[in-house]
Amino acid sequence: LAKTTQPISMDSYEGQEVNITCSHNNIATNDYITWYQQFPSQGPRFIIQGYKTKVTNEVASLFIPADRKSSTLSLPRVSLSDTAVYYCLVGDMRSSNTGKLIFGQGTTLQVKP
Amino acid sequence: GEEVAQTPKHLVRGEGQKAKLYCAPIKGHSYVFWYQQVLKNEFKFLISFQNENVFDETGMPKERFSAKCLPNSPCSLEIQATKLEDSAVYFCASSQSPGVETQYFGPGTRLLVL
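Listed in order, the protein sequences are those of chains A and U.
Just so you know, we're using my numbering here: the first sequence kicks off at 15 and counts up by one.
Just so you know, we're using my numbering here: the second sequence kicks off at 1060 and counts up by one.
Some hints here could point you the wrong way.
Negatives, chain U to chain A, calculated, CB over 12 Å [what the hints assert, rightly or not]:
#1 1120
#2 1123
#3 1146
#4 1173
Partial list, derived from the structure: chain U residues whose beta carbon lies under 7 Å from chain A [stated by the list, open to error]:
#5 1100
#6 1102
#7 1104
#8 1114
#9 1115
#10 1150
#11 1157
#12 1158
#13 1159
#14 1161
#15 1164
#16 1165
#17 1166
#18 1167
The hints are simulated quantities; they were obtained by calculation from the structure and are not laboratory data.
These numbers were taken from a predicted model, which means no experiment stands behind them.
Note that the Cβ used here is the ideal one computed from N, Cα and C, for glycine as well.
Here chain A stands alone, though its shape is the one from the complex (with noise of 0.2 Å):
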């Protein structure tokens, strides 16, 4: 599995767009990425995922260049509510994949007022 490289820590300020980015400089062709949120003293959440270059969704939005050696995660104008853990995941989506997760050490994003 592909390890993943994130900063440990990033502080923003509330209505500012946060990019986090992500290194998985040995991702294979089969891998896709994936990014997770965690809020204290709550389970992961699922926030978005794709493949190549750009996915949005309600939440965020994923860039992922063409060599995908690397990842970024988008927050439009962030709200103190935003302030959580940011992992990225790299899965392979073969069959053979038994879904089991690795989580990295995360992002700890502080947003403040």
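Given the structure of chain A, go ahead and fit chain U onto it with the hints provided.
Below, chain U without anything else, positioned relative to chain A:
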């Protein structure tokens, strides 16, 4: 139900005592996963089930940990003879299929071993 339910929320055990945690997956989800979060951001996969069958147990400590998913019952994770290092938050997640399918996590059970 529409959410993964885990009980109890908190569990305190003395070293050597047994601990049993429960998980009810989302209705219709065939796959259940157990994870252990020891330090703030460190997750460890333990075991997964496809219905009542063990699907992947590569992360499961063999000696003191066991798990079951029986029909019409919540899944369970049991730790015999708990040790201090078992203190962690145990999360259960469920999904409709394995692979890159989204997993839905429960709120976790915080186990404290004294």
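TODO: Under 7 Å, Cβ to Cβ, is where residue 1114 of chain U needs to be relative to chain A, so tell me if that hint holds or is violated.
DONE: holds, 6 Å
- [ ] Report holds or violated for the interface hint on residue 1159 of chain U, using the least CB-CB distance to chain A and a cut-off of 7 Å.
- [x] holds, 5 Å
Task: Restraint outcome when residue 1167 of chain U is required to lie within 7 Å of chain A by C-beta distance - done: holds, 6 Å
Open item on the list: A closest beta-carbon separation below 7 Å is what the hint needs, so does residue 1165 of chain U meet it against chain A?
Closed with: holds, 6 Å
Task: chain A contact restraint for residue 1161 of chain U - C-beta distance below 7 Å - done: holds, 4 Å
Task: Status of residue 1146 of chain U, Cβ more than 12 Å from any chain A Cβ - done: For residue 1146 of chain U, whose nearest Cβ neighbour in chain A is about 16 Å away, the distance exceeds 12 Å, so it holds.
Open item on the list: Hint validation: residue 1166 of chain U versus chain A, beta carbon distance must be below 7 Å. Holds or violated?
Closed with: Result: holds, 6 Å to nearest chain A Cβ.
Task: Non-interface claim for residue 1173 of chain U versus chain A (Cβ beyond 12 Å) - done: holds, 20 Å
Task: Restraint check, 7 Å cut-off on beta carbons, for residue 1115 of chain U near chain A - done: Holds: closest Cβ of chain A sits about 4 Å from residue 1115 of chain U, inside 7 Å.
Open item on the list: Can you verify the interface hint for residue 1157 of chain U: is its Cβ closer than 7 Å to any Cβ in chain A?
Closed with: With a minimum Cβ separation of about 3 Å from chain A (threshold 7 Å), the hint on residue 1157 of chain U holds.
Open item on the list: Quick check on the hint: residue 1150 of chain U CB to chain A CB, less than 7 Å?
Closed with: holds, 5 Å
TODO: Decide, holds or violated, for the assertion that all CB atoms of chain A are farther than 12 Å from the CB of residue 1120 of chain U.
DONE: Given a closest Cβ separation of 15 Å, the condition holds.
When held up to the earlier numbered hints, the structure conflicts with none and fits them all.
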